[in-house]
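Respectively, the protein sequence lines represent chains X and R.
Just so we're aligned, residue 170 is where the first sequence starts under our numbering, counting upward by one.
Just so we're aligned, residue 192 is where the second sequence starts under our numbering, counting upward by one.
Just so you know, not all the hints are guaranteed correct.
To be verified - Selected chain R positions facing chain X (Cβ under 8 Å, derived; list incomplete): (1) D214; (2) S467; (3) R515; (4) P519; (5) G541; (6) A552; (7) A560.
Everything labelled a hint here was simulated from the structure, so no lab data went into it.
All residues carry an ideal CB built from backbone N, CA and C; glycine is no exception.
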Amino acid sequence: MNAYLKRLIWPLAVLVTLIVVNIAQTGFDFIVPSVHDGRLGGAFVNILRNSVPLLLIALGMTLVIATKGIDLSVGAVYAIGAAIACQWIIDRDQSAFGTILTAVILALLVAAVIGAWNGAMVAYFGVQPIVATLILMIAGRGIAQLITGGQIPSVSDSTPFVELGRGAIATIPVPIVIGVLVFAVLALLTRTTALGMLLEAVGGNPAASRLAGIRSKGITILAYLVCGFCAGLAGLIGAANLGSADANNGGLWIELDAILAVVIGGTALIGGRFFLLGTVIGVAIIETLNVTIINVGLSSQWQFTAKAIVVFVVAVLQSPEFRAWLLKPFRRPDGGEPAPEPADDKEALAK
Amino acid sequence: MSDAPIVQMTGITKDFTGVRALDGVDFTLRRGEIHAVMGENGAGKSTLIKVLTGVHDPDAGRILLDGEPVRFHSPGQAQAGGISTVYQEVNLTDNLSVAENLLAGREPRLGPFINFRAMRRKAKALLDEIGIDLNVAAPLSSYSIAMQQLVAIARAIDIDAKVLILDEPTSSLDRDEVAVLMRVMRSLAERGTAMVFISHFLDQVYEICDRMTVLRNGTLIGEWAVSELPESELIGHMLGREVQTLGALEHRAARHRPDDDVLVSARGLGRKGSVSPFDLDIRPGEVVGLAGLLGSGRTETARLIAGADRADSGALEFRGERLRGHNPRTASARGIGFCPENRKTEGLVGDLTVAENMILAMQAARGWARTVPPARRDALVAEFIEKLDIRPADPDLPVKNLSGGNQQKVLLARWMLIEPRLLILDEPTRGIDVGAKADIQRLVNELSEDGMAVLFISAELEEVTRLSDRIAVLRDRELIDILHQESDMTTDRIVETIVEKGGDK
């Protein structure tokens, strides 16, 4: 567990810094939640609420990256999930609970199947993950357009479907509840069963895993399936929040933010060890950053540049070489500061 | 050989997060000498070399190069200072040509372009100088690991090294190639190059080296001229205990009567381009050795039986049942464990911990949903760490931080955990120290006495003859004979078989 905490300390420090900056600018209202109309509100709660779609996708992406893979199609799957649900609902009785349930299940099922398809391409046909998922990244939005017939289907504001994005359970916004649930389920699934270890083995050394008798194909497909499912769920929450499904722009570029969040969270793109909690922190950093830019009075044009700077800082802080270099002037002449560990990830990369 | 030291390291100390890898070690290297650094795995040999080559910064101590104090912070700096290293694993780019690899970074130019013709000529001359003949325009990957190793050495020599460090350069070379390497080393020594030679092959050390420095547990034991230190004393210094000599494991075929029923039976099993069809039976409680030169098909034979490669002819029976769709997973389910030759790339998952690597096969067999209960897992891991004397005895350490011998033991433990019926060991003792080697040999002996069948591969014929009940001899990817008489269990007999049967064709 200690190694995990060590891994998380730098992203956590960046997140805390961002929050402190916001509090300094806008006062404690930033972090303290308030209650409006029987649901929690306030700046930070809103950040969390809005970050849920990205969080879900980034969690799925973490598992895929652990297998040495990557899933570029999540943005498209987001759009497909949203399109299926909205299109199904506007064609039927919008207030009927059965309609909503069917729409949700259908959307999630299709998303999971797409994920499994990606996984099968990678595991059985040996297609490189970036290529296999690139196909659906491009084609997926086309499929979403076919589903919506090129329109943007808008559901009525009275349908229970929108509660997925706007509602609250015991004052807690529904998206946050879903996000926490999915995180808890994935964390339990990977860490109380052997799934996490087997994922890390498959990603860390595929050849050795095969010889150890691991069903690596099944494990790989499962990771992509979960990732697809999460992307579909993210699409549902996004669509419920907006009340519509935009095949072209829904979840646009979200795959890149998700990959970024995973990396900020300490999971290496070369596969192997993964950190779900790190990914959560990574998502929180990205979303808090967007608000921080406004709060410190920068114009929104700064968004991308500021994001780049923060990512740079996190990446550099995570490098043991950089920390050793930074601490050098403070080092006692005869080796007071221990040198970087012998076999750090950087070294593994270099090999 | 002059007595002026070219490298003088004094009081070198290096800690790795609480573990002291080197404790005040001195090391002196003189011009034109070949100096062996000896010690068990984990004794600090590699760390000492890495401090010298700038991979690690020492926590204390001084390094003098040519009398000048130096401290290298990267291998590049060390190389610029005249210290070149050739590692056990070839550090070249195998999709580039031999010539490109030899001269990478120092290509002959023609204006802004590379003069490929001059480059090939220069590369050819370089290789001629050390007496090997390769097509320098061919990609490096088209040559054997051994040849690649020689190319790496040629490259290191050309960088005009004052000091050349050879870290286990011979572990994948066959006899002739070792002879070539030694000839090259001698001629370099005559030119005044100082060499550090690290090898687990004691006969090579005695043949080529002038002096040796012995380390144990990170401390310096002493420095001797090779002629002053007989082999038995050297082993005593390295192990630091009354050596249970390897010879004490006397040959066991006589006192050991394998059961008559057959566990695994291969009939006409083969794979095109890898090994010709062969017949082989393995019985419970029997150790079958596979002997042959490098590239004779030893590994390929083992991989077919292990299910690691698919056979394209013949049949494999396990306890009388014909196996179909034989693969590592079904093999593991039947109790066939396979420790592959290359433990880093095919055996262990470096990022995972010792405990996780040990449990991997057992967990894989159970599937991801049925976790090995943590208490049982911890008990098993602790048991095998103790049984196999794995050091450091920390189950939560990433396995990549362990030394070669201990990594090999982790891999063995992985399969012993599932109590296999057949254990296939491909070069389990390669590149590991004498102590771990003896441990593994003893283990093979014990396991087979408990009724486990073992298929044992080693490049060291002596080891094969000592352990095996029967020896399958291979040559040119063909199983040419199975020796089973007790009187046949000698190195000479194997060599004779290889030579004789080869002559038939």
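Now the hints, each set against the structure:
For D214 (chain R), the suggested interface contact is broken, since its CB lies about 13 Å from the closest CB of chain X, more than 8 Å. Here the hint on S467 (chain R) is broken, as its CB sits about 24 Å from the closest CB of chain X, past 8 Å. Nearest Cβ of chain X to the Cβ of R515 (chain R): about 17 Å, over the 8 Å cut. The hint is violated. Interface hint at P519 (chain R): satisfied, since its Cβ lies 5 Å from the closest Cβ of chain X, which is below the 8 Å cut-off.
The beta carbon of G541 (chain R) comes within 7 Å of a beta carbon in chain X, closer than 8 Å, and the hint placing it at the interface holds. Because the closest C-beta pair between A552 (chain R) and chain X is about 5 Å apart, less than 8 Å, the hint holds. Proximity of A560 (chain R) to chain X holds as hinted, the smallest CB-CB distance being about 6 Å (cut-off 8 Å).
In summary, the numbered hints that this structure violates are 1, 2 and 3.
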